[in-house]
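In the working numbering, the protein residues as written are 29 to 98.
Heads up, a few of these hints could be off.
For each label pair, taking beta carbons as the anchor points, the in silico distance ranges come out as [as the list claims (entries may be wrong)]:
(1) LEU92 to PHE47: 13 to 23 Å
(2) PHE47 to LEU70: 14 to 24 Å
(3) ARG79 to ALA50: 16 to 26 Å
(4) VAL93 to ARG57: 29 to 39 Å
(5) PHE47 to TYR98: 10 to 20 Å
(6) ARG57 to TRP90: 28 to 38 Å
(7) TYR98 to ASN48: 28 to 38 Å
(8) PHE81 to LYS45: 30 to 40 Å
(9) PHE47 to SER72: 24 to 34 Å
(10) ASN77 to GLY51: 27 to 37 Å
Derived by calculation from the structure, the hints in this document are not laboratory data. Think of the CB as a built atom: it goes at the ideal place given N, C-alpha and C, for glycine as much as any other residue.
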Amino acid sequence: MSSGCRFIPNPKKYFSKDFNAAGAITHSRNSFEPVETGTIRLKSNEIWNRRDFSGDKTTLLWGLVTYTDY
Numbered sequence: 029m030s031s032g033c034r035f036i037p038n039p040k041k042y043f044s045k046d047f048n049a050a051g052a053i054t055h056s057r058n059s060f061e062p063v064e065t066g067t068i069r070l071k072s073n074e075i076w077n078r079r080d081f082s083g084d085k086t087t088l089l090w091g092l093v094t095y096t097d098y
């Protein structure tokens with residue numbers, strides 16, 4: 029039995045640095061940038077209790093959805 033995602037076999041490899049997949053998925057480490065207006069924002073502390081924030085920002089579908097860890 030293998031572990032991990034079928035589409036991204038080793039996600040830590042990709043989410044440990046900045047990357048951009050043709051704008052469909054972008055990830056910025058230590059971003060702490062303001063979130064653009066007109067996006068659906070999802071914050072990490074809304075999902076689970078966090079104390080140490082990384083400052084990472086991930087956008088999906090050219091900025092339609094933004095996930096922040098700050």
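Results for each hint:
1. LEU92 to PHE47: 13 to 23 Å: 18 Å, holds
2. PHE47 to LEU70: 14 to 24 Å: With a Cβ separation near 19 Å, PHE47 and LEU70 satisfy 14 to 24 Å, so the hint holds.
3. ARG79 to ALA50: 16 to 26 Å: 34 Å, violated
4. VAL93 to ARG57: 29 to 39 Å: 18 Å, violated
5. PHE47 to TYR98: 10 to 20 Å: At 19 Å between Cβs, range holds.
6. ARG57 to TRP90: 28 to 38 Å: With Cβ atoms ~20 Å apart, the hint is violated.
7. TYR98 to ASN48: 28 to 38 Å: Given a distance of about 19 Å, which is not inside 28 to 38 Å, the answer is violated.
8. PHE81 to LYS45: 30 to 40 Å: 18 Å, violated
9. PHE47 to SER72: 24 to 34 Å: With a Cβ separation near 19 Å, PHE47 and SER72 fall outside 24 to 34 Å, so the hint is violated.
10. ASN77 to GLY51: 27 to 37 Å: Taking Cβ atoms as reference, ASN77 and GLY51 lie about 32 Å apart, which means the hint holds.
When held up to the earlier numbered hints, the structure conflicts with 3, 4, 6, 7, 8 and 9 and fits the remainder.
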